[in-house]
Structure formats: C-alpha cells, structure tokens
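Number of protein chains: 2
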Amino acid sequence: MNQSKVTISLYELENFYNAIFTKLGVPEEIAAISAKNFIYADSKGADTHGVLRLPLYVQRLQKGLVEKNPNLKWELETDNSAVLDAGNGLGFYTTQMAVEKAVEKAKGNGISMVTIYNNNHFGAAGCYAKMIAEENMIGFVTTNGAPLIAPVGGAERILGNNPFSFAVPRKNHEPVVFDMANSIVSAGKLMVAHHQGESIPEGWALDENGEPTTDPYRAYNGGGSLVPIAEHKGFGLSLMMDILSGVLSGANFGKNVSGLANYEKITGNGNAIIAINIEKLMPEERFFERLESLLHMVVGAKKAPGTERIYLPGERGQQVQEKNRQTGISINSKLHEELQEIASSLEAPLYKFS
Amino acid sequence: MNQSKVTISLYELENFYNAIFTKLGVPEEIAAISAKNFIYADSKGADTHGVLRLPLYVQRLQKGLVEKNPNLKWELETDNSAVLDAGNGLGFYTTQMAVEKAVEKAKGNGISMVTIYNNNHFGAAGCYAKMIAEENMIGFVTTNGAPLIAPVGGAERILGNNPFSFAVPRKNHEPVVFDMANSIVSAGKLMVAHHQGESIPEGWALDENGEPTTDPYRAYNGGGSLVPIAEHKGFGLSLMMDILSGVLSGANFGKNVSGLANYEKITGNGNAIIAINIEKLMPEERFFERLESLLHMVVGAKKAPGTERIYLPGERGQQVQEKNRQTGISINSKLHEELQEIASSLEAPLYKFS
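Protein chains in written order, with this note's numbering: chain A, 1 to 354; chain B, 1001 to 1354.
Rather than coming from a laboratory, the hints here were simulated on the basis of the structure.
Among the hints, erroneous ones may be present.
Sample of chain A residues with no beta-carbon within 10 Å of chain B, all distances over it, derived [as the list claims (entries may be wrong)]:
| no. | residue |
| --- | --- |
| 1 | E28 |
| 2 | P55 |
| 3 | E174 |
| 4 | S186 |
| 5 | Q196 |
| 6 | D215 |
| 7 | Y217 |
| 8 | S258 |
| 9 | G259 |
| 10 | A261 |
| 11 | N262 |
| 12 | K265 |
| 13 | Q319 |
| 14 | N324 |
| 15 | A348 |
Here are a few chain A residues that sit away from chain B, every Cβ distance over 10 Å (derived from the structure) [as the list claims (entries may be wrong)]:
| no. | residue |
| --- | --- |
| 16 | E12 |
| 17 | K36 |
| 18 | A46 |
| 19 | L56 |
| 20 | N109 |
| 21 | G188 |
| 22 | E198 |
| 23 | E202 |
| 24 | D242 |
| 25 | E322 |
| 26 | T327 |
| 27 | E338 |
| 28 | I342 |
| 29 | E347 |
In silico DSSO-like links for lysine-lysine, alpha-carbon gap of 27 Å or less [claimed, not checked]:
| no. | chain 1 | residue 1 | chain 2 | residue 2 |
| --- | --- | --- | --- | --- |
| 30 | B | K1107 | A | K189 |
| 31 | B | K1107 | A | K107 |
| 32 | A | K171 | B | K1255 |
| 33 | A | K73 | B | K1107 |
These figures come from a predicted structure and were not determined experimentally.
We put the CB at the ideal spot given by N, CA and C, even for glycine.
Work out the full structure, taking the sequences as your base and the hints as a guide.
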C-alpha cells in the first residue's frame, strides 16, 4: 500500500459510513440517510467537511454526545411552518426530515419555513438546499456554528461563520447551488497551513488581540478569529443567520454553540429552512425559461484576459463531483490508519482501499 | 446664502418631495407615502440614494417613464403569497403596498412572500424591511438594479449590486436593520471620486477589459464594472437576489434592468419580500430575550486596540438619523439651484433653506 495516500471510491466510502454508524447503534434508516448526506461534502471536494470529520462523529456517538436514535418532536405547526426538536440526533438525518417537512408545507402555498433546534452539524448546507430544488422549489438553508469570527473592532470570537445556501431548480440541468460561509477562508485552511508549517496571507485572520496575523496557530488555536468577508457585511450576515437559525429556533446561539471537537458538551446547533414553491408565484415553464436566459447572460458575458470559462455558482463543485465519482477520493495514510482502527474496534467491514 | 452648501431640515425636505410629486400629478396619498420613504435614505446619510436623485425622478415622471397613478394588480394570491404588478408606479409607494400585503399574509401562518414586477427604484431596502420588523416580524427585502458588476472572470456588467435587507424587531429598541449591496463600494463613490478628480483604490473596480483600475471614470462610465464583495460570494449573492426579485417575479432581470438616468426605457425593477411571523415559531417574549442575549454578546465582545464601541448592523445609520433630525442635511449649492429650478418650473412652494 502507498504510505502517503490511499484512494477510495465514493460508493465504498458511503457504505463505510453507513456500516460505522450502524455498528455504533444508529438505526438502519438513519445510518443510510446520514451516510448519503455525509458523503455530499466528500463528493464535492469539500475536504474539511467530509471524511476528515468521521473520527469526531464516532467519538461523539460513543460518548453519548449525539443521540443514535433521536426522538424527533414537531412543535408549533401551522399550514406553512413548523419547529423541529431534533432530539440531538445526527444532523445529516434530522435536517433531511426538516427539509421534507418544509417541502410538504410549501406545496399548499407559496412559501414555508421550518426551524430546527437541538440539532448537530449537518455537513454542507448545499446538500439540503439542493433537495428542495429537486422538488422544483427554491431552497434556502442556514446553520449556526461554533464561534469563529469577532465583531468588527472586536478581539473575541462571538459568531460562527454561519454558512447558508440557496438552490434553484433548472430544467434538464442540475440545480444552481450557491453555498457560502461568512468568513474569508474556512478554519480548515488555517489548520492545514499550521500542519504544513506555513504562514497565512494577511487579511484572513486576527490574533487574540484582534490584530491581523499571519500565524495560523495564533488565529485558530491561540484565541484569534477569522476575518468576515467585507468586514461589517460578513459579520452582519453571520448575525442574521444566527438570528434565523439560533435565536428564532430555540437552539444555542452566539458563543454558546459548541464545536465538534469539544467532548464536554453537545453542540446545540440550530437551523432555518425556507422552501419557495415556484409554481405558486409563476408558471413553472416560464420560470425555467427566464432562469436560463439570466444564466446565459452570466456564462456568456465578455471575458477578461485569461478567463476560459465563466462558472455558475456550484459548477466547479459539480465538476469535482463528476471526477470524484470516477476516480474516488484520496485520503492521507494517517487518516486511513485512523479509519482502519475505527473499523476494527467496531468490527465493521474494511472496505477496499487502493 | 452660502454658495457652497445649504442646509435643510428633514421635515422641510419631506414636505418638498411631497409637493413636487403632487405638482407632477401624483395623487396625494401616493405622494405622501413616496416622500416619507424617499427621505429615509437622506435621514440615514445614504446621500447617493436621497435628494441627489430627485431630479432623476422628476424627469422620469415628466417623461411618462414612471406612472403617476399606477394601476396595482394583485395576481396569484395564496394564503401566504402574492405577486404584485406595480403598474410602473413609484417604487416608494408600490413597495410599501407589497410590504403591507406580506405582513397581512404572514399573520395567519409562519411566513409569507410577495414578489413585485413592473416596479421602479424604491430607495433603501432597509426602509421596507424595517416596516416588517415594526410589526414584530422578521423582514427580508431585496431588489435588482441596473447592471454594475461582472461575473468573476468577466469584462461586462451583467448584474446589479442587488441590495438586500434583513430587519429584526427588538423590545423597547429600534429594530436591527442590516442592509447591504453586493459590490465593495457603491457606484456613487466612483462618481464622487471622478468629480473630485481623485483615483480610487485598487480592488474597487475593473476597467472595460475586466482588469483592475484606479480610474473611476473608466470603471463607471467607460464600460468597466464594480467588484463584488468576496469575488464569487458577492457575485453569487447578487445572482440569487436577481433570481428572487427579477426572474421569479416577472420583472426585468440581469442586463435588461435599466438605470434611472436612462430616459429611453422604464427600469422594470423587481423585488422579493419575505415576512417571518415570529410568534408562530416562538413565544414573542422568549424571542426578544434571546435576541437581546445574542446582541449583548456582540456589543460586549472584548475589543481590539483602538475600538471604542462595537456597533450592531444599522446602529451608525441610526446615529446619523438622530443627528440629521436635529441639524437637517447639507446640500451643495449646485444641487440646491437645481431643486429651486424644479420648484419654480412646477410652481411648487420653495421651502426654507439656510
């Protein structure tokens, strides 16, 4: 075996997730849905949200910090809204349940909203917004997260970078999936730079005093923070996402959201999900035509020198996904060993790595 | 009279707007609502959206490019959604009508959505989101606009900077009003730099070839474009705002939205408005307590050196508003002369400037 990298197909990795969850006591249906949504990040090349995090989920399930078989409770249902107490279950599963409810509620009228509290990390927001788009609705999904960014002028992490996603259905094409977080770079980029002994560009992060730093360790582990995009704009957006997903849902919010690697606490994440039922606002065919016309303006724009192609939001991720479906993904040997240890301790089948 | 600046109170300026609209044939109710919402931008110090634009609106009304007494048509109403054909009326008025509909529709359930087509510029998005917050709902309002930004890698303006606003009610305080556009700076800043013969910092704008420029004229008048915040993120957000406000509503979208200064065409703006009825998702008192707790974390964060105070979104604008209510606003003498000419040509009363 190659000591530096191993390759695994997405199919086998999804089966591996499924087997691990099942061995940990997660019921079959929940394990299968969780594996399917967990692999979304791996498939899109979002390394920091995928397989790298499996050991954290395993620990959290083993320590009872995530419920294997959560008791989902629907509260305050109206014709077009509902609140889900996710029972501290795997966010990959609970969030899909909330998405299905939002789609069902949006069918009767033009728009619906579902909030979730007592949830866990759900991976990539785009995975869930896309499910809504696959029902010919416009999907919006947001989450709060463990604190990473300081207010402008601050020197203390107060908010997560609180990602959100919009997904819009197209006719005969994959939906447009726009998925962003409110920091300039992810915390994962800082961790990678630190492990490789590299400095980071000025502008990405602040140190523990709120001053710019190029030291990824100070920024990430030493009490520093990530810089929000466009300063007040990114911080304000993160605040709005926490108000929708944290304050309004009944979940933890702000400094009280806990991270995956903190084994003292549940994370207490919250979410907001909105589904817009296109056909209640415009005949579907007309919407699809108009959307294609706008997208055509974008990709057909006059190009700057050096630009070969203009991409729509999410298109690069789709390209990576198509490639990864062919080639599988690479895992470094240290992580591979960790996965093997997990598999053997749980007596889970060891899938074929090459 | 001071030749360089004159000062006018907000009260008198609002009355002046009202009189001008009325003299142009706008019915009283529409003129009054329009004046009230037009002055919002002046009151908040958003100079480029306020009185500077009055001559443009006057021209457009006189040329029949904006309907004085629009025929508003409600279409496709459901229990929680509706589409407004704004009849090409003044956006300050039509948008308030749509906001009132959204609030009414949200009362029965958790959330509502209203789209608008055949609309005109409405001034500041925050003005309308705030109206929703004043009904103890969370408001979201967006608009498309004339093209200003190019896709990343592009050299042609395709989308407006498509502002949007979230407003959140507080107990015993003004709502939190977060209002942003998706370009790093407004087009107004480029115009001001050009008039003052100054160059602009690299990073704000591109020239007609999609290359960075420090020449505001090339960027604004010479076929260049504004740079979106955080590159793909800002462009993607602008695209989503145009899908919601333009494509989905039936309005113009993308390159087809026209600017206020183009006297050949109607603007054809579109909008999307969402109202979230807090009390259907959480007891109101509990929401207010939780919100204050989050806002307290933000403003109470440890400060970086040199920071005296951490501001919430919209708080600086509120401070400016309080000051402007006391002192009035300054208008340069050239604009003042233009306003006087408009007043005398319409036989409108000349309000007291000092």
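Broken hints, by number: 20, 24, 30
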